[in-house]
Every structure is written in C-alpha cells, then in structure tokens.
Amino acid sequence: MGSYVPSTDKERQQMLNAIGLGSFSELYKDVPGEMYLSDGLNLPAGMSELEVRRKISAMADKNTVFKTILRGAGAYDHVIPSIVSYIPAKEEFLTAYTPYQAEMSQGILQSIFEYQTMMCELTGMDVSNASVYDGATAAAEAVAMCRDRKRTVTLISGASHPDTIQTVKTYCYGKNSELKIVPVKDGKTDIDALKKMLTDDVAGVYIQQPNFFGLFENAEEIGEALHTAGAAYIMGCNPVALGIMKTPRECGADIAVGEAQPLGLPLGFGGPYLGYMTSTDKYMRKLPGRIVGETVDARGNKAYVLSLQAREQHIRREKASSNICSNEALCAFTAGLYLSVMGAKGLADVATQSMSKAHYLAAQLCKLPGVSLKFSGGFFHEFVTVIPKADEVLSALESNGILGGLNIDGDILWCATEKVSKAELDKAVSIVKEVLA
Amino acid sequence: MKLVFEKSISGRGCSILPACDVETVSLPANLSRGEPPVLPEMAEVDISRHYTELCGNVHGVNSGFYPLGSCTMKYNPRIDEEMAALPGFTSVHPLAPSDTVKGCKEVFDTAKKYLLEIFGMDDCTFQPTAGAHGEFTGVMLIKKYHESRGDADKRTKIIVPDSAHGTNPATASMCGYTVVNVPSASDGCVDLEALKEVLGEDTAGLMLTNPNTVGIFDKNILEITRLVHEAGGLCYYDGANLNAIMGIVRPGDMGFDCIHSNLHKTFATPHGGGGPGAGVVGCKDFLAKFLPKSALMDGEDALQVRSFSGNFLVVVKALAYIMTLGKEGIAEAAQNAVLNANYLMSRIKGTFKPAFDRICMHEFVLDLSRYKEETGVSALDVAKTLIDYGMHPPTMYFPLIVHEALMLEPTETESKENLDKAAEVFRKLYKLGFDNPEYMKAAPHHAQTARPDEVQAARNPVLRWSKND
Amino acid sequence: MNFPKELKYSKDHEWVKTEGETAIIGISDFAQDALGDIVFVNLPEAGDEVVAGEVFGDLESVKAVSDMLSPVSGTVAAVNEELADTPEILNNDPYGAWIIKVEGITDIEDLMDADAYAEFCKED
Chain U
1 MGSYVPSTDK ERQQMLNAIG LGSFSELYKD VPGEMYLSDG LNLPAGMSEL EVRRKISAMA
61 DKNTVFKTIL RGAGAYDHVI PSIVSYIPAK EEFLTAYTPY QAEMSQGILQ SIFEYQTMMC
121 ELTGMDVSNA SVYDGATAAA EAVAMCRDRK RTVTLISGAS HPDTIQTVKT YCYGKNSELK
181 IVPVKDGKTD IDALKKMLTD DVAGVYIQQP NFFGLFENAE EIGEALHTAG AAYIMGCNPV
241 ALGIMKTPRE CGADIAVGEA QPLGLPLGFG GPYLGYMTST DKYMRKLPGR IVGETVDARG
301 NKAYVLSLQA REQHIRREKA SSNICSNEAL CAFTAGLYLS VMGAKGLADV ATQSMSKAHY
361 LAAQLCKLPG VSLKFSGGFF HEFVTVIPKA DEVLSALESN GILGGLNIDG DILWCATEKV
421 SKAELDKAVS IVKEVLA
Chain V
1 MKLVFEKSIS GRGCSILPAC DVETVSLPAN LSRGEPPVLP EMAEVDISRH YTELCGNVHG
61 VNSGFYPLGS CTMKYNPRID EEMAALPGFT SVHPLAPSDT VKGCKEVFDT AKKYLLEIFG
121 MDDCTFQPTA GAHGEFTGVM LIKKYHESRG DADKRTKIIV PDSAHGTNPA TASMCGYTVV
181 NVPSASDGCV DLEALKEVLG EDTAGLMLTN PNTVGIFDKN ILEITRLVHE AGGLCYYDGA
241 NLNAIMGIVR PGDMGFDCIH SNLHKTFATP HGGGGPGAGV VGCKDFLAKF LPKSALMDGE
301 DALQVRSFSG NFLVVVKALA YIMTLGKEGI AEAAQNAVLN ANYLMSRIKG TFKPAFDRIC
361 MHEFVLDLSR YKEETGVSAL DVAKTLIDYG MHPPTMYFPL IVHEALMLEP TETESKENLD
421 KAAEVFRKLY KLGFDNPEYM KAAPHHAQTA RPDEVQAARN PVLRWSKND
Chain D
1 MNFPKELKYS KDHEWVKTEG ETAIIGISDF AQDALGDIVF VNLPEAGDEV VAGEVFGDLE
61 SVKAVSDMLS PVSGTVAAVN EELADTPEIL NNDPYGAWII KVEGITDIED LMDADAYAEF
121 CKED
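The listed protein sequences correspond, in order, to chains U, V and D.
With my numbering, the residue at position 370 of the first sequence is 370, and numbering never jumps.
With my numbering, the residue at position 292 of the second sequence is 292, and numbering never jumps.
With my numbering, the residue at position 94 of the third sequence is 94, and numbering never jumps.
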C-alpha cells in the first residue's frame with residue numbers, strides 16, 4: 001500500500017493517547033453505525049510508485065500520438081517553448097493556494113498582475129481578471145455581466161464554437177434568462193438578421209472572432225449595430241490571432257473573452273485550459289473572479305493584493321453574479337510566461353505562420369478533384385472544405401500518423417499552425433490526393 | 001521585485017521558431033491591429049530568473065505548514081505530476097477519433113469507477129473544473145430533475161445553512177433559485193426544527209457539507225436527508241470536506257442525491273496558486289440522464305458547463321493518487337487527517353479557545369472573540385504574525401457563525417513533530433498578545449511585504465501596468 | 001457620534017432631508033462608522049423608481065457589502081456623481097455627502113428625529 005502519511009504507528013498511538021482516545025474508530029463516533037463502512041471500500045489495494053508508473057504509463061501508451069495535427073476546432077497544437085513547460089512545475093508555485101495572504105504570496109500576485117496586463121494589451125482593454133475555467137465559461141460569465149433589470153435577453157452567433165453556445169445556453173437556462181441564436185450566412189454571422197434581432201431588451205451579444213469555421217467576422221460593423229441598439233458587445237477572440245488581428249477594443253467591444261489554451265498550454269485531451277476575460281473600465285466592477293491590484297504596504301512599498309473583493313461570492317453570497325472561486329491560476333502563469341518568451345514579434349510570427357500554413361494547405365487541397373472552400377470569406381488558421389469521401393480521407397491520414405481536420409456533416413474543418421512544416425503539409429495533401437484519385 | 005515589463009530591453013528575445021517555409025500571407029489592413037501589443041522583450045536567461053524570483057516569493061505546501069481550513073492543503077505527490085506530463089496524455093487532441101484515445105478513456109473510466117465507490121454514487125461527470133463549478137452542475141441536475149417532473153415552477157427555493165461557504169448561495173442564485181438560509185444549532189449542526197420550518201412544496205433542494213464547516217460530523221444526517229426527500233426536495237453534498245470521511249462513510253449512504261468533489265483538495269492535485277482544479281460531480285442513477293455532455297463531442301442538446309470533457313490532466317493526477325493509496329490508504333488518509341486535527345487542537349487548547357470543544361473531524365475552528373476583548377489582538381493579527389514564523393495562516397473569519405474565527409486543517413501529511421512545532425507557535429503567540437499586542441497588530445515584520453493597503457487598492461484600482469507610468 | 005437635529009433618520013441608518021417636493025437621502029454617521037472605509041458606491045440612475053423599504057443601491061467596503069434601503073417611494077431626480085470617484089466623502093462628511101435626491105414622493109417610512117435615532121443606535 002502506498003501512503004503519504006508520515007506518522008509511524010507508534011506516533012499515531014501517542015497522538016491518540018494525547019487526545020484521550022484508544023483507537024481511530026472513536027474519532028468517528030458521530031457517524032451513525034448503519035452507514036459506517038465496516039468492510040472498507042471496494043477498491044484495489046494500494047500500489048508502490050513504480051507500479052503506479054507502470055499502470056498509468058501503459059494507459060498513456062494506448063493513445064495515439066500524432067506527429068502531425070491538422071485539427072483545431074477549439075484546441076490548438078502550437079509550439080510550446082521548452083522553458084514554458086519547465087517553469088510552471090516549480091514546486092512552490094504549483095503547490096500554493098489562492099493568494100489570500102498577500103504578505104507571503106507576492107510572487108503569485110505579481111504574476112497575475114503581469115498576466116492581467118498582457119491580456120489587456122492583447123485585447124486593447126482596460127481591465128482583466130485573473131482567469132476563469134475556459135473560453136466557454138468565459139463567454140457565459142460575460143453574458144451574465146451584461147444583463148440588468150431592463151435588458152435580459154442574450155444573442156449568440158451561430159458561428160460560435162458549439163461547446164461555447166451550449167455552455168452559454170446552460171448558464172442562461174440556470175438564470176431563467178432568454179438566449180437566441182443569430183443565424184449564419186455563408187459561414188458568418190448574418191448581420192441583417194442580427195440587426196432585426198436587436199430589440200430593446202437585448203443585454204449582450206456574443207460574436208467569436210475568428211469564428212468556429214475559421215472566418216473573420218465583420219466585427220466592426222457588428223459593433224456599430226450593437227451600440228446603436230444599446231446592447232453590450234462581447235467578442236470571443238483567439239489570443240494568438242490577436243498578435244496581428246484588430247483588437248476587440250478597436251472593433252467596439254465592451255468585453256473580450258476567449259480560450260487562451262493556444263498560449264503555451266498542451267492539448268491535454270481538453271484541459272486544463274484557460275478562460276481569459278477583459279473589459280473596458282465601465283464593466284470593471286462586474287467582472288467575475290479574482291482581480292489583482294497594485295497598492296502600497298504599511299511601509300510605503302509597492303505591493304499587490306486581491307482587490308475589489310466585494311464583487312465576489314464570499315462577500316456578496318446569493319447576490320454575487322458568479323460563484324467562481326478557484327480559477328486556472330497556473331495556466332494564467334503559463335500564458336504569461338509564454339507571452340514573455342514570444343514577445344510581440346514572436347506572437348505575431350506564430351499568428352502569421354499559422355495563417356500562412358493554413359492558406360498553403362487550403363490552396364493545395366483545393367487543387368484536388370472535388371475539393372473546394374465551403375465559404376467565401378477570409379480566414380485565419382482554420383477553413384472548411386467541401387470534400388468527397390471525408391471519412392476515408394481522415395482514416396487514410398490517421399493511418400499515416402496525421403490527425404486530419406474535423407468532419408462536420410461531411411465537410412472538413414482543417415487547421416494548421418506554425419508547428420507543421422511544409423513537408424508535413426505536402427505529405428498530408430498527397431495522402432488525400434491518393435484517396436480522391 | 002520588478003515587473004517583467006520593467007526588465008524588458010528593446011531588441012531582446014528568444015529564438016523559438018524557424019523562418020516560415022511557405023509563402024507568407026498577411027492580414028488585410030482592415031483586419032490588422034493598429035499597434036502591436038506591449039509585451040516583454042527578454043532573453044531566455046532573464047525570463048528564467050524572473051520567474052524563479054516570482055516562485056521564490058510564494059509559500060506552497062512544499063515550503064512549509066499550510067493549515068488553510070477547508071482547502072485541504074495536503075502534500076502533492078510528484079509521481080502524479082510525472083504521470084500527467086506523459087506525452088501520451090498531453091499531446092492528445094480532445095476531438096481525436098475514439099479509437100486513438102483509448103488510454104484517456106481508460107483514465108476516465110478507472111477514475112470514475114474508484115470515485116463512485118468512494119462517493120457511493122452511480123454515475124458522474126468530469127466536466128466541472130472547480131468546486132464552485134461542480135456546485136453549479138449539481139444544482140442544475142436538481143433543476144432538470146424538477147423540470148422533468150413538471151415541478152419547476154413550484155420548487156423555487158434552495159436551502160443553505162448559515163455556516164455555508166459563500167459559493168453555495170451564489171450557486172443557488174446562478175441556477176435561478178431563491179436562497180433560504182437556515183440557522184445552525186448551538187453545536188454548529190443543522191437545526192432540525194428550523195429545517196422543518198423552511199421545508200415545503202417550494203423546496204427544490206438542500207446544499208450541505210458533512211462534516212460541516214465547523215468540522216463536525218452531523219449525526220442527524222439521515223434524518224436531515226429524509227426530511228428533505230419527504231418534502232420532495234433533493235440533497236446536494238458539497239464535497240469540500242470529503243477528506244475527513246473518505247473510506248469511512250459515503251455521501252451516497254447518507255442520503256445525498258448528488259455530490260461534487262474537489263480533486264484538488266481531497267485527491268491531492270496541486271492548487272497551482274488558485275487553480276486549475278477539477279470538480280467531478282457524482283449522482284444517483286435517476287439523475288444520470290441529466291449529466292452534462294459536450295455539444296461538439298457528443299452531439300447532444302444536454303446541459304454543458306464548459307468545453308470538451310473537463311480538466312483531464314488533473315484527473316490523471318487524482319487517479320495516480322487513488323491508485324497509490326488504494327482500499328486501505330484512502331481510509332488511512334482520512335483517519336490521519338482527523339487524528340492530526342484533533343491532536344493539533346488538543347495541543348493548542350488552554351490557549352486559544354476552540355469554538356466547539358469536542359472531537360472534531362479533519363478541521364477545527366478557534367474562536368478568538370474573548371482573546372480579542374482581552375488583548376485587542378484580532379484573528380487577523382494572529383494570522384499575520386504566523387507569517388513571520390514561516391507558516392501559512394489558517395482560514396480567517398470563516399465560517400461566519402463564529403466571530404473572530406481561525407479555521408485550521410492540518411491534513412494527514414503533516415508529521416507529529418510539525419504539529420508539535422505549530423502548536424508551540426500558537427501557544428507562544430497567545431502569550432505574545434498579552435505581552436506585546438502592538439507588535440502583533442503591526443505584523444508581519446519579516447515577510448515579503450508589510451500589510452498592504454487594501455482600501456487604497458479598492459478605491460483607486462490599479463489593475464495593470466502601463467507603459468507610461 | 002453626530003446626528004444633526006434638522007434631519008430625520010430611518011431604522012436602516014439613512015438620513016432624509018426634505019426640501020420642498022424633494023427628499024435628499026444619505027447615510028448616517030453611525031452607518032459610515034459601522035461600515036468602515038467605503039471603497040465603492042453602487043448607485044441607481046436618475047429616472048429610476050425607488051420604493052420605501054427596498055434596495056436602491058449598495059455600499060462596498062473592503063470586506064463587506066451593505067444594501068441601502070430607500071426610506072421613501074418616488075423617482076430618482078439626481079445621484080451624487082462625486083461618489084463614483086471619491087466614495088470616501090461618505091466617511092469624511094456623511095451629512096454633506098448626499099447619495100440620491102428623490103422626487104414625486106408617494107410614500108415615506110416612519111422616520112425618527114435625531115434624539116430618537118441616537119437612542120435607536122445605542123440599542124442596535
């Protein structure tokens with residue numbers, strides 16, 4: 001049996017004696033006898049570290065590790081610099097709790113303050129929180145920020161990630177507030193339809209940029225329409241794209257959110273990921289979750305603290321608009337580190353290379369018989385092709401160690417990042433070519 | 001410590017990517033950002049030293065005693081980290097074909113089997129990402145259940161004890177419910193008469209943690225869950241305190257219908273300075289059909305509380321932990337957590353006063369109200385002085401039903417000599433409050449910073465660095 | 001503790017000053033002292049309806065939040081915009097720093113005079 005309890009049997013007995021008890025069972029005298037697990041749990045016996053390593057490594061070995069990944073759809077395979085995977089494993093940071101005691105948590109607090117600054121820089125916004133669970137919950141939390149007594153309805157573009165739509169739907173259902181989905185036209189938010197839906201009870205509108213199909217939305221035009229109608233504008237943006245793309249602030253957004261997994265976090269079969277949230281000053285006190293602020297200490301030196309806490313559940317209880325407590329601090333730390341390593345130039349390079357490779361892949365695929373772009377608009381690093389025999393294409397790629405795009409009702413949503421080389425793309429295209437020949 | 005931005009030198013950087021090997025495609029001007037973001041420009045060595053410096057100004061479980069009540073700051077085994085870092089897990093795309101992710105599925109299935117046995121539940125979801133997120137998921141199951149019976153309009157209230165964590169009422173409110181607070185009895189447990197008074201046809205459910213937030217196992221638990229069920233409501237188990245009882249007694253056997261468990265507390269995955277966690281939600285069979293799904297992965301119009309399947313890599317760590325401990329080790333951990341709490345309480349007794357002077361579970365609460373009257377030294381002052389002794393302070397001013405509260409949870413991974421040392425510090429501080437209260441009111445004296453001015457921080461928020469400052 | 005004679009007080013620790021058809025509302029010295037350093041005030045907007053005994057805004061200190069209950073029913077004619085940037089004036093000058101002005105008053109709670117309120121605070 002493995003154990004992390006340091007006390008020896010002798011010490012345990014000494015401790016029991018010290019509190020005037022003879023056995024462990026006396027500690028649980030309040031537990032009604034009929035529910036006491038007298039035979040213990042039906043679990044296997046504990047194991048040594050080596051046995052655990054063998055068993056779990058064997059599980060990992062059952063997964064296929066693809067050399068080339070051409071699939072995105074909300075989880076992106078970018079290069080993770082070596083130092084980015086190394087530093088977050090440092091033990092003090094890894095094993096600390098939320099920095100409630102500022103006097104012994106300046107390292108965490110400062111890292112969050114730096115992360116907040118970076119996210120504000122990427123999005124053009126004034127304030128950022130310390131993170132939420134992922135991009136989908138960030139969207140749901142942003143929606144809750146916009147509602148007030150007069151405006152209760154939320155609109156979400158049908159060109160958003162399906163998991164984001166469903167998560168927002170669940171949160172709105174919880175709060176008994178209405179959610180309407182804006183139709184999609186040629187792969188993008190149908191702006192004419194959106195304008196008609198902008199009644200005076202609309203609180204906020206969520207638009208994803210680039211959208212689920214990889215296309216750039218006419219984000220500024222949407223912003224103008226929303227502000228005319230008095231609705232708040234939430235943009236869900238890929239943070240890598242923000243290395244080069246017009247910021248949500250420049251597009252007129254009030255709140256920017258998104259999935260920051262592309263900033264140095266591994267695919268990890270879906271998590272931990274990182275939801276970021278930033279906003280204009282106007283929404284500062286409605287932002288959910290932890291926020292770190294700069295102040296001075298009793299000696300007049302600069303210090304960081306968890307600030308604006310009166311927004312949060314531990315003070316506001318049932319009147320709080322969010323219940324968030326734990327967040328994704330270590331992931332935010334990792335994203336901050338990633339952005340320090342890449343810098344503005346490096347991030348722009350990641351964005352441009354990803355976009356360039358996606359365009360190269362699209363051009364090569366579209367030379368094949370029966371393959372064409374499904375939508376006409378400009379795209380970032382993802383695109384949808386109409387393609388014959390989508391399933392066969394994907395399994396042929398799979399058997400060659402390539403994870404192809406995602407099959408969406410017979411079409412394929414492809415993604416390319418800076419991580420894939422031209423040679424890998426050429427190989428993938430040649431495999432597709434064989435299937436379609 | 002300088003900010004990373006203040007260490008930035010124009011022209012520095014790291015070499016990570018090769019030149020682009022395809023034709024470069026640029027964004028058209030109407031889609032391009034006006035100015036590049038201001039991000040640090042640093043050499044790798046500068047970055048390494050900066051983040052090492054930040055890590056040096058942090059107190060983790062590995063730095064010393066961390067008796068932060070209700071947070072279960074137990075030791076986080078390294079093997080768990082090593083397993084979660086296996087490329088066979090980290091490099092798996094959440095939307096990869098099912099025949100290529102058999103290992104991930106085995107992790108989920110195995111963790112599920114073990115956790116359901118520990119919970120006494122029938123099914124679960126790994127989608128929730130933290131405790132509060134699990135609460136939201138659990139109460140949404142309750143909401144779906146009442147809706148499925150045509151009872152949604154009638155059952156509008158969630159009952160929460162006044163000793164509850166703030167997330168409970170906030171959660172109920174997020175799920176569209178009115179919160180009914182029930183007062184605790186003088187022993188800190190649910191007041192049965194008060195509970196009976198608020199139960200009725202409008203009851204949707206009860207949110208409860210057992211052991212409760214004052215560290216006492218509510219011996220009336222079967223009666224409590226029976227009463228709620230009789231009124232037509234469901235019982236939600238907040239698993240924040242599961243570490244006291246795992247392997248000893250199961251929430252499912254106490255009569256609870258659904259539960260969340262913080263894998264980052266009970267199952268030893270690290271807190272990472274605030275997260276990521278994992279808040280697995282278990283339930284009885286009749287609620288299983290409402291469990292959340294992923295629209296993209298499962299193609300179903302079901303509840304969904306985040307993208308994909310949740311914090312998978314955290315689940316890997318928790319699985320490694322459960323496999324290591326196994327049948328006996330799980331109960332052993334709980335027993336020693338309870339033993340350590342009682343031992344520490346007994347060693348402090350005679351100085352600071354326990355709020356409830358009796359056998360506790362994995363944590364206990366000190367009531368410093370009389371001490372404050374006598375010395376002028378508050379719970380906050382004691383907490384801040386503890387920092388000078390290299391110890392993380394206990395949870396302060398919680399639960400709300402105890403004034404001047406300090407809540408201590410030593411966990412099972414502290415040795416007897418560490419508890420003796422900690423008790424010695426508490427005893428010393430008790431005396432110091434009478435001898436030199438002003439010293440404690442100004443503490444800490446040897447920490448990274450003195451007490452920060454929180455009023456200034458909130459009145460004039462500075463929430464980011466700016467280039468022009 | 002200072003309770004000016006010319007004002008009326010509610011049991012929720014607001015003061016009320018009537019000027020013609022307008023009620024001016026603030027918080028008492030007792031209230032600001034109990035709350036401690038006020039860091040933010042959530043205010044209604046001009047034109048909003050307020051109802052006697054119901055919440056019209058809240059006050060935040062660092063570690064607490066406290067609802068403000070309106071002693072009158074009517075329409076908010078003005079809010080004190082200064083509070084947005086300098087909430088500390090509520091601590092420094094609770095009777096100079098009014099919070100809202102209400103017009104079109106349809107209902108007023110039973111209010112106390114300064115002496116009765118001073119007694120009430122002793123018991124509270």
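Hints may contain errors.
As the list claims (entries may be wrong) - Here are the simulated DSS-like cross-link-like pairs (lysine-lysine), alpha carbons at most 27 Å apart as the crow flies: (1) V:7 with U:302; (2) U:62 with V:441; (3) U:169 with V:467; (4) V:2 with U:302; (5) D:63 with V:441; (6) U:302 with U:367; (7) U:302 with V:467; (8) V:467 with U:62; (9) V:327 with U:180; (10) U:175 with V:144; (11) V:105 with U:175.
For the record, the hints were derived by calculation from the structure and aren't laboratory data.
Hint by hint, which ones does the structure fall short of? 2, 3, 6, 8, 9, 11
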